[in-house]
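K.L.:
Taken in sequence, the protein lines are chains A and B. The first sequence lines up with residues 1 to 216 when you count with the UniProt record's numbering. The second sequence lines up with residues 1 to 228 when you count with the UniProt record's numbering.
Possibly wrong hints are sitting among the right ones.
Here are the computed lysine-lysine pairs in the DSS-like style, where the Cα-Cα straight-line distance is at most 27 Å [unchecked claim]:
#, chain 1, residue 1, chain 2, residue 2
1, A, K37, B, K88
2, B, K176, A, K150
3, B, K176, A, K37
Simulated from the structure, these hints should not be mistaken for lab results.
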Amino acid sequence: MNIQIQGQSVCLLLVSILLLWTGVECLRFDLEPGHTKCIAEDIKSNSMTVGKYQIVNLNEGQPLPDSHKISVRVTSSYGNSYHHSDNVNEGHFAFHAVEAGDYMACFTAADHKPSTTITIDFDWKSGVAAKDWTNVAKKGSVELMELELKKMFDTVQSIHDEMFYLREREEEMQQLNTSTNSKMAWLSFLSLFVSLSVAGLQLWHLKSFFQKKKLI
Amino acid sequence: MDSRGRVIGCGGAANAALVLLLLSMLSRMSALSVTVSDVECVYEYVFYDGDTVSGNFVVDDQAYWSSDHSGVDFTVTAPGGSTVHTLKGTSGDKFEFKAPANGMYKFCFHNPSSTPETVSFNIHTGHIPSEHDLAKDGLSDPFVLFCINIWTPINVKIAELREALETVTLEQRYLKARDARHRHTNESTRRRVIFYTVGEYLLLALVSGLQVVLIRRLFSKSVAYNRV
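Bound conformation, chain A alone (with noise of 0.2 Å):
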């Protein structure tokens, strides 16, 4: 019994470390040299996120050409910019995201002679995936399955914000539409007023022009 549990502890304690192992596959997409590919997400407001990207060799004994270099720019869509760096080969970017919307990450691959296309790794976590568990994993004897559980709340609680969030924007839609609905009522009114009221001013405008001329 004793052994069995000093052994538990041993692999709990493996496995806790181990927990913080962050798998290096992420998605990837090619550049071509000169050309601008944007990327973007849509980001609640105070939420976390965070971002890695690195230039994939392709050629494993080799090291990357110098001329493989790329620019990345994160602004949001309000035109702040978050991060910014020039002709690198990786980076990583993490900010507290204060505007909600849509925040577009655009890499530029420096123009070089063998035009080949540059492969990018790019990771771009935000939210409840962004939140670093090290600290709470760190914190006292934490079990590995009270973490994963852990993880799971936070998840639901995410997509518990997430539709109240959808019904809100549903709320606004319908308002939206309900307020077109009524100006398109009133417009159709008033452009009836309005050609009348043109067609009758002419009328009198002719009219007592003629009248001046004596020819009526």
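Following the hints, complete the assembly by docking chain B onto the known chain A.
P.N.:
Relative to the frame of chain A, chain B by itself:
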């Protein structure tokens, strides 16, 4: 001796548990949007064959002239080169398939029309660990397996639960993207209603003013004296 041997034995079990845990963590989701001018491809790595790859995408073509709703073509290519999944001319759909092999999968969007369109996509590769994974990695020591068995069923259940939650999250993002597209259409309708109507009034006033001016010229003194 004996107890130490046992502890080391369970240390081996720790490795196996680790492997199992890492396997259960190898589920990934990417939720992004790109602008597709002609062809845009993204690659995603699938770790084990038999994994379920699920996802969805929504096309937001900002061109609201009704002739151009052709959507995009979507193709998934397995690492061997074979096409696993194809969708033609859709403006958004869900997809799910079992990965026949592990490796790098290619997800391509092809835009047949000339206007660039924005595609929001989510791709999720999930893995549920099982004892077969352990056997594959060559861990078949009975004592190790005994050590592992105290956890495996719960780990599998937790992995299944996590997969279910990821499915819900995927669905939510799909709904959100569709809602965003719907909203764009509605806002464009509203703008059109207002601008076109006001433009119509101005045009009407202009045309009637032009009419009056022409009629006045027709009846002006220099012309009318001889004619009327």
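K.L.:
For each hint, tell me whether it holds in the structure or not.
P.N.:
Status of each hint after checking the structure:
no., hint, verdict
1, A:K37 x B:K88, "holds (24 Å)"
2, B:K176 x A:K150, "holds (25 Å)"
3, B:K176 x A:K37, "holds (23 Å)"
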